[in-house]
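> For reference, the chains in residue letters:
2 protein chains.
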Amino acid sequence: MRVEIWSDIACPWCYVGKARFEKALRAFPHRDEVEVVHRSFELDPDRARGDVQPVLTMLTRKYGMSTAQAQAGEDDLGAQAAAEGLEYRTTGRDHGNTFDMHRLLHLAGERGRQDELIQLLYRANFAEERSVFTEGEARLVELAEEAGLDAEEARRVLADPAAYADAVRADEREAAELGANGVPFFVLDRTYGVSGAQPAEVFTQALTQAWGERPALKLVEEEEAGACGPDGCAVPPRP
Amino acid sequence: MRVEIWSDIACPWCYVGKARFEKALRAFPHRDEVEVVHRSFELDPDRARGDVQPVLTMLTRKYGMSTAQAQAGEDDLGAQAAAEGLEYRTTGRDHGNTFDMHRLLHLAGERGRQDELIQLLYRANFAEERSVFTEGEARLVELAEEAGLDAEEARRVLADPAAYADAVRADEREAAELGANGVPFFVLDRTYGVSGAQPAEVFTQALTQAWGERPALKLVEEEEAGACGPDGCAVPPRP
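Just so you know, the sequences run in chain order A and B.
Numbering follows the numbering used here, with no gaps: position 67 of the first sequence is 67.
Numbering follows the numbering used here, with no gaps: position 14 of the second sequence is 14.
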């Protein structure tokens, strides 16, 4: 079974939701047959690359919250993160454009390091004093290297704005086609969708349901064709 | 869409079938949204690791063919391979156990180099004078390195018989569950199956059919949950 998770590094609920999903996955009897793929979604795609703001400033300007409301939201997020055993800095975080991080996550996907990298990006952004927005390329290369990627390759991808740009946009188009207008958004075997940082029990239910309803394979109507099996490799007439 | 291909390096129809599938894929309008995964299947799992035979010897002993019949089969395979633009040595190939190659293909899968490696293994086995059976670890490490893997890491995996062994067996168990008793066996989005080295047109039909019938997503019954979207990150009551 395959679970695709659309999320953004700038999305605190994605950080919390991933932990809740993983809690359910760890207890799922068929966990070894579940593959997890991370998909790109930008919360703030129109923000210019260098336009970085403290999160509280962004919340007050973009959503018209009072500073007290914005801080209360962060405090509540921090408490919910803590309940999942996650560190969460409720002050001093930055907000900005995440397109380059998503491009890097696609490289990491091709190198089998995607989960490592997204986890490090989340930790840097939400738990540590390591801004993923203000240090430019250097911080992202540092995290890519910690995730097991080749630093030189990561640098090359970041330096070329076209690298994996289409892959990021294709993920975002797919999210829209699947009806996701927020993240995190979980898709199980392209059959079941789960929206938001649901409690672990909801993920358990979704995993169980999707596993139980895996469709039987339909064999495509076909000609006699060459195949190798227990009786050797039969050679049919040429097609 | 995802296409999983069960195959074995020792399976000439897998080599030919892959080329036919790729011909269909290249012409498929949604090819950029198709992901291909290689899955393990051993034609001769009970053969001891060092037990290597010339293919013609294996065919006569294992399947009771005459040498002339076995050679005619190879010649016909060579002709069908040539029709797909593939080189194929109709004499002098070896046959043996492929478990270690499958373990290495799983490492390659995690490093994003699976297609490169399987293609190099096929070429070495079917087209070139580079036995994948008689040179022990050295040949496999050489091919892994050509595929872009780290030689040291490949060596470590080959030296540890447990590395990726479960992953190979899980693939084989899944093939049986899906009803595959020979290879190549293609599975599209876990919905459609195609058995054997079918002509490209059959793959085109299968891709088109599976693409058109991608199921609509069912949203799992769920509680109100934290999510970030165009209106910010709403904080619902704690679960």
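Since the hints were derived computationally from the structure, they do not count as laboratory data.
All figures in this text were calculated on a predicted structure; none of them were measured in a lab.
Hints may contain errors.
One copy or two, either will do: identical chains are not told apart, so a pair holds if it fits within one copy or between any two.
What the hints assert, rightly or not - Distance condition first, Cα-Cα at most 25 angstroms in a straight line; then the derived SDA-like pairs of lysine to any residue:
1. K62 with N181
2. K62 with A162
3. K62 with G229
4. K62 with D231
5. K218 with D189
6. K62 with E145
7. K23 with Q71
8. K62 with D75
9. K218 with Q119
10. K23 with A83
11. K218 with T90
12. K218 with G148
13. K218 with A163
> Take the hints in turn and mark each one as holding or not.
A quick look at each hint next to the structure:
With identical chains, the CA atoms of K62 and N181 are at most 25 angstroms apart within one copy only, with a shortest distance of 18 angstroms there and 58 angstroms across copies. For the identical chains of this complex, K62 and A162 are neighbours neither inside a copy (28 angstroms) nor across copies (54 angstroms), given an alpha-carbon limit of 25 angstroms. Taking the closest pair of Cα atoms, K62 and G229 come within 25 angstroms of each other only across two copies (12 angstroms); inside a single copy the shortest separation is 62 angstroms, beyond that limit. In this assembly of identical chains, K62 and D231 lie within 25 angstroms of each other by CA distance solely across copies; the values are 9 angstroms between and 67 angstroms within a copy.
In this assembly of identical chains, the alpha carbons of K218 and D189 lie at most 25 angstroms apart whether taken from the same copy (16 angstroms) or from different copies (11 angstroms). Proximity of K62 to E145 under the C-alpha cut-off of 25 angstroms is found in neither arrangement, the shortest distances being 34 angstroms within a copy and 50 angstroms between copies. For the homomeric pair K23 and Q71, neither the shortest alpha-carbon distance inside one copy (28 angstroms) nor that between copies (56 angstroms) is at most 25 angstroms. For the homomeric pair K62 and D75, the shortest alpha-carbon distance inside one copy (19 angstroms) is at most 25 angstroms, but the shortest distance between copies (70 angstroms) is not.
Taking the shortest Cα distances, K218 and Q119 never come within 25 angstroms of each other, neither inside one copy (38 angstroms) nor across copies (28 angstroms). Taking the shortest Cα distances, K23 and A83 sit within 25 angstroms of each other inside one copy (12 angstroms), while across copies they are farther apart (52 angstroms). Taking the shortest alpha-carbon separations for K218 and T90, neither the intra-copy value of 51 angstroms nor the inter-copy value of 35 angstroms comes in at or below 25 angstroms. Within a single copy, K218 and G148 get their C-alpha atoms no closer than 40 angstroms, and across copies no closer than 36 angstroms, so neither meets the 25 angstroms cut-off.
In the homo-oligomer, the alpha carbons of K218 and A163 never lie at most 25 angstroms apart, since the shortest distance is 37 angstroms inside one protomer and 33 angstroms across protomers.
In this structure, the earlier hints numbered 2, 6, 7, 9, 11, 12, 13 are contradicted, and the remaining ones agree with it.
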